[in-house]
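Following our numbering, the numbering of the sequence shown begins with 104 at its first residue and continues without gaps.
Wrong hints could be hidden among the right ones.
Said to hold, decoys possible - The calculated lysine-lysine pairs, modelled on DSBU-like cross-linking and capped at a C-alpha distance of 35 angstroms, are:
hint, residue 1, residue 2
1, Lys188, Lys134
2, Lys105, Lys168
3, Lys168, Lys188
4, Lys168, Lys214
Don't read these hints as lab results, they were simulated from the structure. Source: prediction; values computed, not measured.
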Amino acid sequence: GKTFRWKGEYGYQLNEAQTLETHLNVFESFKPSLPQSYRDSEGVFLANINPELQTDVLNQVTSPKIIACDTMNFWISGKRDALLKTLEHVDILIINDGEARQLAMEANLVKAARIIRSYGP
Numbered sequence: 104g105k106t107f108r109w110k111g112e113y114g115y116q117l118n119e120a121q122t123l124e125t126h127l128n129v130f131e132s133f134k135p136s137l138p139q140s141y142r143d144s145e146g147v148f149l150a151n152i153n154p155e156l157q158t159d160v161l162n163q164v165t166s167p168k169i170i171a172c173d174t175m176n177f178w179i180s181g182k183r184d185a186l187l188k189t190l191e192h193v194d195i196l197i198i199n200d201g202e203a204r205q206l207a208m209e210a211n212l213v214k215a216a217r218i219i220r221s222y223g224p
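Work out the full structure, taking the sequences as your base and the hints as a guide.
Okay, structure coming up:
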């Protein structure tokens, strides 16, 4: 099947992108299953996928010491509750300024960062 595809534009502010298209394609029916040898990993990186799938991956790992997560505006607006549930376990979140403002529902980035930090462990 076709892979996930995102199309966007960056203007003067390179720390914010404008999404033009998002095509989930094979991610719409993707169900990740970790091999047994990965389930005791100390570090976990949750790539930019449906936050429900990110939580499914986390539930397969026994006791990670550090968890990093990537997400995007598509999931922030479409799966907000699931994303917030995932973020309860996340130590490092990788998002841009626009996504931070959207996630925190706060225009001031310093305040947004404080709000987002309150979502995690």
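Okay, the hints, checked on the actual structure:
1. Lys188 to Lys134: Measuring from Cα to Cα gives roughly 18 angstroms; hence the hint holds.
2. Lys105 to Lys168: Answer holds: Lys105 to Lys168 is near 34 angstroms, not above 35 angstroms.
3. Lys168 to Lys188: holds (18 angstroms)
4. Lys168 to Lys214: holds (27 angstroms)
Going through the hint list in order, the structure satisfies each hint without exception.
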